[in-house]
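Mapping the sequence shown onto UniProt numbering, position 355 (from 1) lands on 355, and the numbers just tick up by one.
Please keep in mind that the hints were generated in silico from the structure rather than gathered at the bench.
Hints are not guaranteed to be accurate.
Result set (DSBU-like, lysine-lysine): computed pairs, CA atoms no more than 35 angstroms apart in a straight line [unchecked claim]: (1) K163 / K128; (2) K76 / K165; (3) K76 / K22; (4) K262 / K76; (5) K165 / K311; (6) K295 / K331; (7) K76 / K309; (8) K311 / K196; (9) K270 / K76; (10) K47 / K128; (11) K173 / K24; (12) K262 / K337; (13) K270 / K337; (14) K337 / K311; (15) K230 / K22; (16) K280 / K173; (17) K311 / K262; (18) K270 / K331; (19) K275 / K165; (20) K24 / K128; (21) K173 / K26; (22) K76 / K173; (23) K280 / K165; (24) K230 / K275; (25) K205 / K76; (26) K196 / K270; (27) K311 / K275; (28) K76 / K275; (29) K110 / K22; (30) K173 / K196; (31) K26 / K337; (32) K230 / K47; (33) K331 / K311; (34) K163 / K309; (35) K230 / K165; (36) K311 / K163.
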Amino acid sequence: MLTYKQSGVDIDEGNRAVDLIKGKIKSTYDNNVIGDLGNFSGLYSLKEFVGMEEPVLLSSTDGVGTKLRLAQMMDKHDTVGIDLVAMCVNDLICQGAKPLFFLDYIATGKLVAENIDQIVGGIVDGCKMAGCALIGGETAEMPGMYADDDYDLAGFSVGIADKTKIVSGQNVKAGDVLIGISSSGVHSNGYSFIRKIFLDTYNYKLDQYIEELAMTLGEALLTPTKIYVKLVLDLLKQYDIKSIAHITGGGVIENIPRVIPKGLGIDINKNSWEKPAIFKLIESFNAIDERELHKSFNMGIGLVMIVEKDKAEEVVNFINNREEEINIDEKYNDLLKDRAYIIGEVVDTHDGVNLC
1 MLTYKQSGVD IDEGNRAVDL IKGKIKSTYD NNVIGDLGNF SGLYSLKEFV GMEEPVLLSS
61 TDGVGTKLRL AQMMDKHDTV GIDLVAMCVN DLICQGAKPL FFLDYIATGK LVAENIDQIV
121 GGIVDGCKMA GCALIGGETA EMPGMYADDD YDLAGFSVGI ADKTKIVSGQ NVKAGDVLIG
181 ISSSGVHSNG YSFIRKIFLD TYNYKLDQYI EELAMTLGEA LLTPTKIYVK LVLDLLKQYD
241 IKSIAHITGG GVIENIPRVI PKGLGIDINK NSWEKPAIFK LIESFNAIDE RELHKSFNMG
301 IGLVMIVEKD KAEEVVNFIN NREEEINIDE KYNDLLKDRA YIIGEVVDTH DGVNLC
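The task is simple: from the sequences and hints, build the whole structure.
Here you go:
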């Protein structure tokens, strides 16, 4: 008799994966989560937010891109879940939304329970950094669609904000100041270019120790994306943050113009912040145009906020003196440390972004 397993789909292995991850998932639950694992949908109560003048739900979906290829090549899957959460919740926070819950989708050619456990473990860590609950997910074993060792990830997050307090960027004006918040490295964009540079052009190996990085190339490239949620929520309680941009694909060149009114432009002092070692190494090759670098990578700035000029120094000092404690593995402590810089200003003499 034919069985489903003979076609390449192992339901028992899927059940074993669920047994491995269910405790981790429940560790993200807050008092608003209704029900338990196994429901056909995730339930989340909004009763806590009845005091909002006009509550609005905001949603975001994203993936990790070809950074996953490096994780698969290294057989190291415990950090890409953090990237998945970061790519979604960092977008939500750009409009001042508090992330409420997260859902994930994992598609693979051959389901290996231990790999799923690593991936979901990272998602759980990311949810804890963002202060949201992991209330649902789907793992699809798809032989014939993916090679056995291949997988892809998609994430979905929903947040909430009071409509009267949504960060819109509409009040940004010439003379306002840009504050850049440090990235942890490449984050989750530009990895096709990264592979072209390091693996194809300069023949580096992922397990090669690089003195300038103080670690192997693979370790540096798999450094998780920083999650800025709790920092921004703390700032919004005390300061008028006019606009926020998550620096993803397109870098500062393309992402900042998305959050300022038409007719305005940006002057950025490209030497005003400390670049991570991975970007210094790329610059040392002298093979990529400066503007192309800032359009392809975050170059050390993962989030940009726009504030009134007379508040800029105060906001920078607040960020640089702030400490954050989250109950996660201490190996991620560096992800909780933020460094802020005044990196430029809004102008009305040109549009787009000018690197000075």
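Given hint K47 paired with K230 - CA-CA distance at most 35 angstroms
holds, 21 angstroms
Given the hinted pair K230 and K22, is their alpha-carbon gap at most 35 angstroms?
holds, 25 angstroms
Is K270 close enough to K337, meaning Cα to Cα at most 35 angstroms?
holds, 22 angstroms
Take a quick look at whether K173 and K26 sit within 35 angstroms of each other, Cα to Cα.
Given pair K173, K26 is violated - Cα atoms ~45 angstroms apart, limit 35 angstroms.
Are the Cα positions of K337 and K311 separated by 35 angstroms at most?
It holds: about 21 angstroms lies between the C-alpha atoms, which stays within 35 angstroms.
K173 and K196: Cα distance at most 35 angstroms?
Outside the cut-off at roughly 39 angstroms; violated.
With a cut-off of 35 angstroms on the C-alpha distance, tell me whether K205 and K76 pass.
Since the Cα atoms of K205 and K76 sit roughly 15 angstroms apart, the hinted pair holds (cutoff 35 angstroms).
Need the status of pair K76, K309: alpha-carbon distance at most 35 angstroms?
With Cα atoms ~44 angstroms apart, K76 and K309 exceed 35 angstroms; violated.
Given the hinted pair K47 and K128, is their alpha-carbon gap at most 35 angstroms?
Given pair K47, K128 holds - Cα atoms ~21 angstroms apart, limit 35 angstroms.
35 angstroms Cα cutoff - pair K165, K311
holds, 19 angstroms
Given the hint that K163 pairs with K309, test it: the Cα-Cα distance must not exceed 35 angstroms.
Measuring from Cα to Cα gives roughly 25 angstroms; hence the hint holds.
Given pair status - K275, K311, alpha carbons within 35 angstroms
holds, 24 angstroms
When each numbered hint is compared with the structure, violations occur for hints 2, 4, 7, 8, 11, 21, 22, 23 and 30.
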